[in-house]
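Student: Per this note's numbering, the sequence shown starts with residue 1, numbered consecutively.
Any given hint could turn out to be false.
[Said to hold, decoys possible] Listed next, the in silico DSS-like pairs over lysine-lysine satisfying Cα-Cα at most 25 Å (straight line):
1) K99 <-> K84
2) K61 <-> K84
3) K13 <-> K136
4) K61 <-> K99
5) K136 <-> K99
These are computed hints drawn from the structure, not numbers from a lab.
Every value quoted in this text rests on a predicted model; they were computed, and no experiment measured them.
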Amino acid sequence: PEAMRRRLQDIHKWLRRLRDLEIPVIAAVDGPAAGAGFSLALAADFVLASERASFCMSFAKVGLLPDMGSLYALPRAVGMMLAKELMFTGRRLEVIDAKRRGIVHAIHPTDRLGEEARRFARRFVAAPQEALALMKRALNRTFESSYDTLLDLECQAQALASAVPYYAEAVDAFLNGKPARFDWDRDSEA
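Please work from the sequences and hints to get the whole structure.
Tutor: Spelled out as structure tokens, the structure:
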């Protein structure tokens, strides 16, 4: 038991660092993501998947409980009832259903998944990095914080974001009819 505890504690340190990255974390799943693989995908901010991907909380099949943060992440992603079903039964979730349930952001042909994941990541290059980092930090605290705490966090984060040159440049561009440096819809066509 002690070896398993130490192993998980080491993994948890890594998962915390992954969660605290100030940039979007993108997972590309090409095939079955079972057990820890599914848990790792849930640690990402976005999950892109191939047509042959599937997701399974297989822990019950081997007499373990879900780990690598999935007890935290899966109920928040899909709701408590579906999380219990997936965890208690070890039922496999096909990629189409995973997308419908909000686990998967986009499905791509298997031979294009890597290229599409890189393309998706590149779209964030022009994004306001400071604002994304602040958003991610606030969103990661949403379910543990009260409404008032989040309003206070919003005030602090917005003050920091508005002090960055990106904000002044974006307002100036808008007022002068110039295109925004970051436009997700426009950039999707690139």
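Student: Could you work out which of the previously given hints the structure breaks and list their numbers from low to high?
Tutor: none
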